[in-house]
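**Student:** Residue numbers (the numbering used here), protein chains in the order written: chain A, 1 to 388; chain F, 1001 to 1098.
Check the hints yourself; a few may be wrong.
So the derived label-pair ranges between C-beta atoms look like this [claimed, not checked]: (1) A:Asn-259 x F:Gly-1031: 53 to 63 Å; (2) A:Gly-105 x F:Phe-1008: 33 to 43 Å; (3) F:Glu-1072 x A:Ala-166: 29 to 39 Å; (4) F:Val-1016 x A:Val-104: 32 to 42 Å; (5) A:Thr-113 x F:Gly-1085: 43 to 53 Å.
Partial chain A-side listing against chain F, Cβ under 10 Å, derived [unchecked claim]: (6) Gly-30; (7) Trp-36; (8) Ser-57; (9) Trp-59; (10) Phe-60; (11) Gly-61; (12) Gln-62; (13) Lys-72; (14) Thr-79; (15) Ser-95; (16) Asn-96; (17) Lys-97; (18) Phe-98; (19) Ala-187.
Please keep in mind that the hints were generated in silico from the structure rather than gathered at the bench.
Note that the Cβ used here is the ideal one computed from N, Cα and C, for glycine as well.
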Amino acid sequence: MSGVRVLVGTKKGAFILTADGKRQNWEVSGPHFAGWEMYHLKGSPVDPNRIYASQSSGWFGQIIQHSNDGGKTWAPPGTNPGELTGPDGMPKGESNKFVYEGEVGTHKWYDGTQHPWEFKRIWHLEPSLTDPDTVYAGAEDAALFKTVNGGKTWQELPGLRGTKGALWQPGAGGMAVHTIIQDPKNAKRIFVAISAAGAFRTDDGGKTWRPINKGLKSNYELPDPDAEVGHCVHRIAMHPSRPEVLFMQKHWDVMRSDNAGELWHEVSDNLPSDFGFPIDVHAHEPNTIYVVPIKSDSEHYPPDGKLRVFRSRTGGNEWEALTKGLPQKDCYVNVLRDAMAVDSLDKCGIYFGTTGGQVYMSADSGDSWNPIVRDLPAVLSVEVQTLP
Amino acid sequence: MIRVVLPFHLRTLARVDGEVQLETDHPVTLGSVLDALEARYPVLRGTIRDHGTLKRRPFIRFFACEQDLSHEPLDTALPEAVLTGEEPFLVVGAMAGG
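Looking at chain F on its own, in the form it has when it is part of the complex (with noise of 0.2 Å):
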């Protein structure tokens, strides 16, 4: 169970409360975590990474266990401590004012 904590605006968007949890195919990679929480909420397609390229938006970051991993390519495996639900994947809306 991989536990996913979403930016508010998200979170709004896709009518959840709090945290997120996920069950994913095994390699738990970034991408296939982002796979997994688009197929749950369609409504978020587009909104964290471009439909097309998959891209992450410019905006938005990647964060796990105190590291950054918004430059990581989508194969990456994310730490031990997500994969066992101690520590959650965090999507976070870069600190950008306006």
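Isolated chain A, as found in the complex (with noise of 0.2 Å):
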């Protein structure tokens, strides 16, 4: 029978969620990792047993993880005697070393002056479509790496940051890639988005990057509302039947592209806010999409104190609330960018997580809600593995 293992993000440890198609009954497995800031756990599409983890901390750094049998044992790629050795025949360690490519060049800083790109942590690791030791890794501050040996090493795919990366600039969460999107249908497209920097796309596998920011408006975050680089973007997400289309959760707005991010244009229409974080497609209506909105900028939770989803079945502009399951008062949690994800069995499941610990979860494409877990540390990220 099928099922479906949600991997769960959070500040102080990985969880690993699991039901059988029916998703009624879940075993919790965690916390894996526990004590350090996890920001993003992601399965390969072409050997779901091979997931991948990003592990840090403010003291230590930098970790990378991988587990080949679906999360119950984990090891930092390449760490194993005899599995990557140096000329004195030890293991190198290196699957966290992320260095700039070059020269390190600098990027716009808080105070206007120009600062040096220095790594942080990774945000979002994504498996490759067709090949499980392939990934992509997206670093604050902002830049895309990839291995091509499952983790082991890690080199930069610089042209990123040669597209005016000097006017660059962290917003309050910092500058980091936290979006990565391959086109399905073209191996060399590949969509990244950067808070804040804007949205940008590669046609050539990463060599050479263009802003794709054409439509968005950030009319109170930059003095040139129009800006080719500079906006806030929070998320895009596409429908791997139609990669030429695009819906991104902005800053503020909510936006839609026809054309593979060539062109913007605003489908907020009757949100009760178009703040937010994530956004996502429904895996088997590439028209339908849902949003969860929050009050503004300054105040990061549900406007009113209720948790609504909201959702289109047009691509945009006509929004409905779902809200059976949810909490509809008192409520004052967030649910971050990468805290969205839909399975793809018949009936589309959806879940996300909240600042506040819960991870919720529709079994009938958001009609209803019921939380899995409602006491985890803040949920940082949620993926989800239909598996056979």
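Bring the two chains, given one by one in their own frames, into a single complex with the hints.
**Tutor:** Here it is, written out as structure tokens:
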């Protein structure tokens, strides 16, 4: 019988939630890497038992972990004797070595001066659609790294930072590549999003990039609201059957592009607030999208204390509130950008985690919701694997 | 034999219980102990000091014999009591809440 595995990253460890296809009875495993910030975990689409995880701490920096058995056991890639050896015969232990290519360069700092790029952590891991050993990693300070050997070593794709990187500036949450989307119909095309620089696209496998921010307006955040870079893109989502159509939750505004980011138009319409972080697309209905409105950039919680997911079945503009099973009073949690995901079972499941430690799921495309767990540490990321 | 005490999270990462015991070449310095530690436990590379620059991470401290060696250069000789194994070399996660 088919099932689902939910990979949850939190401020204090990772949790793995599993259920069969009915999605009623859940087993909770964890905390894995207890006490560490787990920004993101994601499985390989071609080998679901291969899972990569980003583990970090303010004290000890970045660690990359991987599992080959669906999250039962973990190890940092390349640290077992004999796996990867240097001249002295010892393992190199380079799976956490993220070094910017060439002259490191500078970006804009809060005070308007230029500031050198400094690696802080990996926000997002995106395994290749075709090779379990190839993974893209989105870093803070914003850069894109790639491994082709299962995470043992990483190399930057420096063309991204060459795309007006000197003008990028961190927002309050830092400056990170947080969204990486591979085009399933064009292996050379990748989309990334960076707070606070904008959205970017490569059409040559990551060598060269260009900003794709036309149509975005940042009236209160940028002196030039139509600037080519500098927009605070919070998340982008795509349905694999229609890779030219992108949906975006920006700092303010929910946006849509029908031409792979060449031009964006706003689809916020009747949302109670168009500020928010995550956005996702139904697994079987490419025009059905989900957002979680947040009151404002100054008040990161749902409007009126009501936790509501909003669904549009028309690709934006006509939004309905989904509330059944979600708290409708005194709720002041946030849902972070990487903390929403969908499964691909016949009745599409929608999942999201909150900064209050709840992971909610809907087994009926959002009509009704139930908490899988209620009291985890603050949830940073949620990914779902649909298992055969 | 040098005795090294690691903070909880690094013991977990290196999969060790209690103290680590290391053999190092003479002279025994701050740097040679860290080199030996990372050679034995490659997973610790980058967690105590930066991969490239070998600079100590900001919230890591080095203590021995009630001395703070955190700001000393890597070629600093360790105290005699550490060399004899009488006292351990401490790698400490600095107090920082959250």
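**Student:** Which of the stated hints cannot be reconciled with the structure, identified by number in ascending sequence?
**Tutor:** 6, 13, 19
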